[in-house]
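For the protein sequence lines, the chains are B and Y, in the order given.
In this text, residue positions in the first sequence follow the UniProt record's numbering: the first is 1, and each later residue adds one.
In this text, residue positions in the second sequence follow the UniProt record's numbering: the first is 1, and each later residue adds one.
FYI, nobody ran anything at the bench for these hints, they're computed from the structure.
Among the clues, some could well be false.
[What the hints assert, rightly or not] Okay, the calculated beta carbon distance ranges per label pair: (1) B:84 - Y:42: 35 to 45 Å; (2) Y:44 - B:19: 20 to 30 Å; (3) B:20 - Y:37: 16 to 26 Å; (4) Y:3 - B:5: 18 to 28 Å.
Since this is a predicted model, take the numbers as computed values, not measurements.
Idealized CB from N, CA, C, for every residue including glycine.
2 protein chains.
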Amino acid sequence: MPRPTRHVFVCSQQRPPGHPRGSCAANGASPLLQAFWGELQKRQAYEQVAITYSGCLGPCDGGPNVLVYPEAVLYQGVTPADVGEIFDSHLEKGEPVQRLLASAAAW
Amino acid sequence: MPRPTRHVFVCSQQRPPGHPRGSCAANGASPLLQAFWGELQKRQAYEQVAITYSGCLGPCDGGPNVLVYPEAVLYQGVTPADVGEIFDSHLEKGEPVQRLLASAAAW
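Make a model of the complete structure from these sequences and hints.
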């Protein structure tokens, strides 16, 4: 792929059921990743945005976690319904979605 | 984890044997990831550097691929023997290792 302007990492870490840390997979990471990829395709934004799944990003209990570089912005508790707004505001205009930002304690 | 100064993504994509695109896993991504985690532990650099595995980063045939943000520097053909130099030069001093950089065509 070409070097993207913004790169979105969707944590897709799995852990066994009942694991004390939980996991982003258990919190809905898979449909979220599909929503990001679907939105990327819909907007044909392959030259500007990359969507990649990743291993654990750290603060599991607020997941699913979504990390955007180069700004190093971490979103938590993201749902498929938020993906359009993240594209509109952050990925296209460079304005992070404030209501989804991780707390300063988490990141 | 705290927000790192630099974040290293080690592509760990797997594909079936004989797949035409190959994969970073087939090219040694797993021992490479272990080398990065080992070096992180050895240097106790958890406050400055994060190491995360990721899905496919694109140019599979030159893998294993290692992507460093916030600079968006892509390294290709990285081996465990290169990890110390990447820490010394790039992750600690901010000077990318020129000999490992992906070509302009790949990234």
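Hints, verified against the model:
For the pair residue 84 of chain B and residue 42 of chain Y, the beta carbons lie near 43 Å from each other, so the given range of 35 to 45 Å is met. At roughly 26 Å, the beta-carbon separation of residue 44 of chain Y and residue 19 of chain B lies within the given 20 to 30 Å, and the hint holds. In this structure the supplied range 16 to 26 Å holds for residue 20 of chain B paired with residue 37 of chain Y, their Cβ-Cβ distance being about 21 Å. Restraint check, residue 3 of chain Y to residue 5 of chain B: a C-beta distance of roughly 21 Å satisfies the suggested window 18 to 28 Å.
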